[in-house]
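Going down the list, the sequences are from chains H and L.
Just so we're aligned, residue 145 is where the first sequence starts under the numbering used here, counting upward by one.
Just so we're aligned, residue 12 is where the second sequence starts under the numbering used here, counting upward by one.
If you are wondering where the hints come from, they were derived from the structure by calculation, not from laboratory data.
Just so it is clear, the structure is predicted and the values come from calculations on it, not from any experiment.
Heads up, a few of these hints could be off.
Okay, derived cross-link-like pairs now, PhoX-like style, lysine-lysine, Cα gap no bigger than 25 Å in a straight line [what the hints assert, rightly or not]:
#1 L:Lys145 to H:Lys185
#2 L:Lys147 to L:Lys442
#3 L:Lys275 to H:Lys275
#4 L:Lys124 to L:Lys237
#5 L:Lys275 to H:Lys269
#6 L:Lys416 to L:Lys52
#7 L:Lys261 to L:Lys200
#8 L:Lys416 to L:Lys480
#9 L:Lys68 to L:Lys145
#10 H:Lys232 to L:Lys265
#11 L:Lys275 to H:Lys232
#12 L:Lys68 to L:Lys350
#13 H:Lys275 to L:Lys478
#14 L:Lys368 to L:Lys350
#15 H:Lys275 to L:Lys52
#16 H:Lys185 to L:Lys442
#17 H:Lys190 to L:Lys145
#18 L:Lys68 to H:Lys190
#19 L:Lys145 to H:Lys191
#20 H:Lys191 to L:Lys200
Now for the letters of each chain:
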Amino acid sequence: MNYETFDHEADIGVRGYGRTLEEAFENAARAMFSVMVDLEKVRPVKKFQVVAEAPDVETLLVEWLNQLLAIADLEGYLFSDFRVRISKDGTRLEGYALGEPVDRERHEISVEVKGATYSMLEVGKEDGRYKAQCVVDV
Amino acid sequence: MEIKSLERKGEYEWEIPKTGAMNVPGKIFASRRLIEEMDEKVREQITNVACLPGIQKASLAMPDAHWGYGFPIGGVGAFDPEEGGVICMGGIGFDISCGVRTLRTGLSLEEVKPRIEELAEALFRKVPAGLGSKGKLHLSMSEIDEVLRGGAVWAVEQGYGYEEDLEYIEERGRMEGARPENVSHMAKKRQLHEVGTLGSGNHYLEVQYVSEVYDAEAARAYGIEKDSVVISVHCGSRALGHQIGMDYIKELYKAAKKYGIPIKDRELACAPINSPEGEKYFSAVAAGINCALANRQVIAHLVRQVFQEVMPEAEVEMLYDISHNTCKVEEHLVDGERKTLYVHRKGSTRALGPGRKEIPRAYRDVGQPVLIGGTMGTCSFILRGTSEGLEKAFGSACHGAGRAKSRRQAKRVFRGERIIRELRQRGIIIKAHSYAGVAEEAPGAYKDVVEVVDAVHNASLAKKVVKLKPLACIKG
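Start from the sequences, fold in the hints, and give me the full structure.
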């Protein structure tokens with residue numbers, strides 16, 4: 145699995161791995177939406193653009209995840225597929241998310257993720273692959 | 012938590028001695044067992060808070076303390092603006108003014124019990140909850156500004172509830188100093204359809220009855236007795252509060268750097284109270300508080316409508332509305348000197364002792380009602396604030412049970428359907444939008460609320476008035 149969740153006392157952590165930084169960001173987003181819903185059940189029918197900027201690559205991850213949550217919340221959507229491009233200095237991101245409107249019957253949502261936080265925030269290389277993680281508030 | 016590193020100051024009081032960069036010592040109110048179960052991270056977070064400028068007396072943690080963001084959840088810190096005191100994002104949290112509102116119904120257990128199925132179903136249908144749920148109100152951007160300025164007062168003006176409700180809400184239903192222009196467009200936009208919704212996670216609406224009375228005089232003052240049925244609502248400022256937190260954590264991080272405040276943790280991002288950044292954040296927090304107060308006022312109105320339909324003989328009145336993620340301006344005595352402090356309570360309930368002007372007149376002699384939510388299927392408590400609590404903890408108490416198992420552990424161990432079935436056998440109806448959500452919020456995933464409340468009671472932070480048992484619980 146290239147994404148996973150991990151334990152935190154009150155909330156839950158999300159982690160993405162990848163051969164590139166971009167993949168790790170995309171998989172961190174998968175991990176986050178997997179907290180809410182079984183990703184297999186979310187069809188990628190509509191695309192939403194995301195642009196984020198931050199002073200450093202760690203903050204960029206938090207921005208990316210929070211923008212996804214804000215769009216999901218505003219549009220009433222769930223996302224399951226993601227693509228990003230990140231600038232060389234790690235301060236700017238452009239990408240998109242694919243998903244469909246929330247269907248409370250079919251999606252069997254477990255819990256709403258309210259925000260990505262700076263807790264246990266890490267972006268970097270580990271054993272030759274990229275890792276991006278943080279705790280999300282539910 | 013390693014108990015050896017603490018100095019015992021009393022049966023339920025433990026001190027983290029002041030060392031290094033700490034401006035004050037740390038203090039935890041808890042039984043030995045609760046301390047032993049606490050995460051080491053709690054100590055680290057209490058210590059970090061003790062290092063912030065202008066903090067008064069001690070960096071405090073309540074018996075339900077657990078690992079939070081910057082502050083521990085169950086953390087209290089009071090800051091003096093005259094001594095460079097700060098306003099700190101981690102001390103308020105993301106769900107600004109998350110809290111509990113309890114309503115009396117004027118009905119008894121005997122009257123409600125035969126109708127509970129119908130009542131639970133009607134409440135479940137009426138009060139929007141769960142992910143993606145939208146409220147019955149659809150506001151424009153200018154209307155949301157009115158919500159942020161007016162709080163529950165706005166809601167009453169719109170016909171949601173009565174003028175007399177306001178007396179029983181902190182700040183009389185409206186936090187002064189709110190400035191909607193300091194809340195981002197995104198934050199407001201996310202709230203346009205969410206006023207009057209419960210949300211998900213640990214938020215709930217419960218039908219409860221008084222199963223035990225510990226303090227008959229205070230119970231009488233609060234208008235309840237054995238077997239009285241009440242409704243409790245636990246929710247906050249929804250997406251708006253969160254977005255304010257996300258927006259300001261960045262600004263305050265920059266401000267901390269600008270003012271040379273060393274912070275050990277990103278989520279302790281803060282600014283001096285007397286600085287443009289600090290004032291701006293406070294005005295946004297006040298707006299967030301008003302959002303939560305309006306939210307609970309609208310939900311209370313929906314509850315009234317349900318009773319009107321199902322049991323019109325009910326007289327649904329406010330008992331009290333309390334927030335547990337806030338920063339409030341309060342007067343306190345510090346070494347005999349009266350000071351105006353900014354009291355941060357992150358996952359801690361205000362518990363003001365008798366005589367304080369903030370308390371509604373009808374309750375002033377006994378102390379402020381302290382509403383403590385348990386977990387579904389266990390029990391909740393109403394306590395009263397004490398003079399000792401004012402002295403020891405700036406009038407603060409716990410806010411709930413505190414988690415014992417992580418959400419992932421809970422999901423592995425518990426099954427939502429099974430929990431619902433088991434609780435039903437014990438006469439408790441659970442209406443939920445999500446089975447997995449129920450598993451994460453299973454009673455076994457939390458610490459024993461009785462032990463937490465007993466620690467608060469024994470430490471005299473607040474005194475037990477009644478115990479409440481659930482009849483029905485509505486979850487997101």
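(message) Run the distance test for lysine 147 of chain L versus lysine 442 of chain L: straight-line Cα separation, threshold 25 Å.
(response) Roughly 20 Å separates the two Cα atoms, so the pair holds.
(message) Would the hint linking lysine 368 of chain L and lysine 350 of chain L be met if the CA-CA limit is 25 Å?
(response) holds, 15 Å
(message) Just to be careful, I want the Cα atoms of lysine 275 of chain L and lysine 232 of chain H compared with a cutoff of 25 Å; is the pair within it?
(response) violated, 28 Å
(request) Would you mind confirming whether the straight-line C-alpha gap from lysine 68 of chain L to lysine 350 of chain L stays at or under 25 Å? (result) Since the Cα atoms of lysine 68 of chain L and lysine 350 of chain L sit roughly 12 Å apart, the hinted pair holds (cutoff 25 Å).
(message) Would the hint linking lysine 190 of chain H and lysine 145 of chain L be met if the CA-CA limit is 25 Å?
(response) Roughly 21 Å separates the two Cα atoms, so the pair holds.
(request) Compare the distance between the alpha carbons of lysine 191 of chain H and lysine 200 of chain L with 25 Å, and conclude whether the hinted pair is satisfied. (result) Holds, at roughly 20 Å.
(message) Hinted pair, alpha-carbon criterion (25 Å max): lysine 275 of chain L, lysine 275 of chain H. Please report holds or violated.
(response) holds, 23 Å
(message) Would the hint linking lysine 124 of chain L and lysine 237 of chain L be met if the CA-CA limit is 25 Å?
(response) holds, 15 Å
(request) Verify the proposed pairing of lysine 232 of chain H with lysine 265 of chain L, using a straight-line Cα cut of 25 Å. (result) holds, 23 Å
(message) With the threshold set at 25 Å, check whether the alpha-carbon distance from lysine 416 of chain L to lysine 480 of chain L stays at or below it.
(response) Answer holds: lysine 416 of chain L to lysine 480 of chain L is near 22 Å, not above 25 Å.
(message) For a C-alpha distance cap of 25 Å, please report whether lysine 275 of chain L and lysine 269 of chain H respect it.
(response) holds, 24 Å
(request) Assess, step by step, whether the Cα of lysine 68 of chain L is no farther than 25 Å from the Cα of lysine 190 of chain H, and give holds or violated. (result) violated, 55 Å
In summary, the structure is inconsistent with hints 9, 11, 13, 18 from the numbered list given earlier, while agreeing with the others.
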